[in-house]
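There are 2 protein chains.
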Amino acid sequence: MAFLMEAGRLTAVERATWTVDGARMENSAEHSWHLALFAMTLSDEAPEGVSIDRVIRMLLLHDLVEIDSGDLPFFADGAEDSAAQAAAETRAADRIFGLLPPDQGAAFRALWDEFEANETLDARFAKALDRFQPPNLNLATGGGSWTTYNVDAEMVRRRVGTRISNGAPSLWAWLSPRIARFFTKD
Amino acid sequence: MAFLMEAGRLTAVERATWTVDGARMENSAEHSWHLALFAMTLSDEAPEGVSIDRVIRMLLLHDLVEIDSGDLPFFADGAEDSAAQAAAETRAADRIFGLLPPDQGAAFRALWDEFEANETLDARFAKALDRFQPPNLNLATGGGSWTTYNVDAEMVRRRVGTRISNGAPSLWAWLSPRIARFFTKD
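These protein sequence lines are chains A and B, in that order.
Going by my numbering, the first residue of the first sequence is number 2, and it counts up by one from there.
Going by my numbering, the first residue of the second sequence is number 2, and it counts up by one from there.
Worth flagging that the hints you see were computed from the coordinates, not collected in a lab.
One or more of the hints may lead you astray.
Okay, the calculated beta carbon distance ranges per label pair [to be verified]: (1) Ala-85(B) <-> Ala-118(A): 49 to 55 Å; (2) Glu-15(A) <-> Glu-115(B): 32 to 38 Å; (3) Ala-118(A) <-> Glu-15(B): 24 to 30 Å.
Counterexamples of contact, computed for chain A against chain B with all Cβ distances above 12 Å [what the hints assert, rightly or not]: (4) Ser-29; (5) Ala-40; (6) Arg-58; (7) Asp-69; (8) Gly-71; (9) Ala-85; (10) Ala-89; (11) Arg-92; (12) Leu-112; (13) Glu-120; (14) Gly-144; (15) Asp-153; (16) Pro-170; (17) Arg-179; (18) Arg-182; (19) Lys-186.
Beyond 10 Å from chain A on every Cβ pair, some chain B residues (computed) [what the hints assert, rightly or not]: (20) Ala-8; (21) Ala-17; (22) Ala-24; (23) Ser-33; (24) Gly-71; (25) Ala-87; (26) Arg-92; (27) Ala-107.
From the three backbone atoms N, C-alpha and C, an ideal C-beta is built for every residue, glycine too.
Isolated chain A, as found in the complex (with noise of 0.2 Å):
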């Protein structure tokens, strides 16, 4: 109960996202449960291999160290290549993963390592959903944290089409001209 009372802070960590219906910012908490959701409701659009209900496990899981390290913007100065983001995240999966019993712990924290690394087929769908909804919560509201971030069409692509054509190719190219259209409009 340590642990699972520890992760509700998790709705403390506000994310730079707005919620859909634009009143207010989205926190961490409710986010991993928007992606769960995604991975569900998109598994036809998986790679073939994917296992959707380790796919949800991880997403699950995924912010958790936010409880600690706090969430750092896709698009803030620096977000790209932050080591010291990383340190920060590792030192908070040591300190909540080890609130659990240590099998269960491992394995919890092993799920968020294969997240993190980026490299096994699950992995790399629920890094693109991760990087999926941001973008359809923005279009849907009239373009959201790209605003405040004063981001144009060629940062979404580098940072954020990136991880999902490499996880899933076809949510991005549904994605993609519907992001060219929005900046176009600008």
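Assemble the complex: chain A is given as a structure, and chain B must be docked to it using the hints.
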């Protein structure tokens, strides 16, 4: 995408339970995430034959109807036997799962119907977790919604304990003395 963006509105549905840090009321999106994490973490407490992956999927969906019908707190007047609420939830399920392609809509709806019917092992475990999480948040926040609704130990046992012990006897055995201790202390 219509379904997934509509689902995002679950972040705007406020529940009667406080978040673990006591900062504000929990919303149904983050509640759904927390429950899925409970299922994943407490899998050893599930009765034999339960599929945790199906339980997780059920919990990710279980509150979507509240986008239209709102959350009815356990201890609110009339919460135990509200035909009006049930009818509103059925209309909501028709509309929300109707946003999906027909086959997928039917599959998601079947999972929600199974949860609501509370008969299968998976549904009973999922429902037990839905009743198990709020008392833990209440204990962590010094009473939480029990204080708001002026609830006593007997009401908790009747409205919450019955469901928990029906789907996850070992979790009720663990929780029950903690609840008794809390109310004795007052």
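- Item | Beyond 10 Å from each Cβ of chain A, as asserted for Gly-71(B) | Answer for Gly-71(B): holds, closest chain A Cβ roughly 15 Å.
- Task: Take a quick look at Asp-153(A) and tell me if its Cβ sits farther than 12 Å from every Cβ on chain B, holds or violated.
- Result: Given a closest Cβ separation of 23 Å, the condition holds.
- Item | No chain A beta carbon within 10 Å of Ala-17(B)'s | 15 Å, holds
- Find the nearest Cβ of chain A to the Cβ of Ala-87(B) and say whether that gap is larger than 10 Å. At roughly 23 Å from the nearest Cβ of chain A, Ala-87(B) sits farther out than 10 Å, so the non-interface label holds.
- Task: Confirm or reject the statement that Asp-69(A) sits farther than 12 Å, beta carbon to beta carbon, from all of chain B.
- Result: The claim holds: Asp-69(A) sits with its nearest Cβ about 14 Å from chain B, beyond 12 Å.
- Task: Taking the shortest Cβ-to-Cβ distance between Ala-85(A) and chain B, state whether it exceeds 12 Å.
- Result: 25 Å, holds
- Minimum Cβ separation between Glu-120(A) and chain B greater than 12 Å? Since the minimum Cβ distance to chain B is about 22 Å, Glu-120(A) lies beyond 12 Å and the statement holds.
- Leu-112(A) clear of chain B by more than 12 Å, beta carbon to beta carbon? Given a closest Cβ separation of 10 Å, the condition is violated.
- Item | Minimum Cβ-Cβ distance from Arg-182(A) to chain B exceeds 12 Å | 15 Å, holds
- Is 24 to 30 Å right for how far apart the beta carbons of Ala-118(A) and Glu-15(B) are? 38 Å, violated
- Far enough from chain B: is every CB of that chain over 12 Å from the CB of Gly-71(A)? 15 Å, holds
- Item | Status of Arg-92(A), Cβ more than 12 Å from any chain B Cβ | 21 Å, holds
Taken one by one, the earlier hints fail for this structure at numbers 3, 4, 5, 6, 12, 17, 20, 22 and 23, listed in ascending order.
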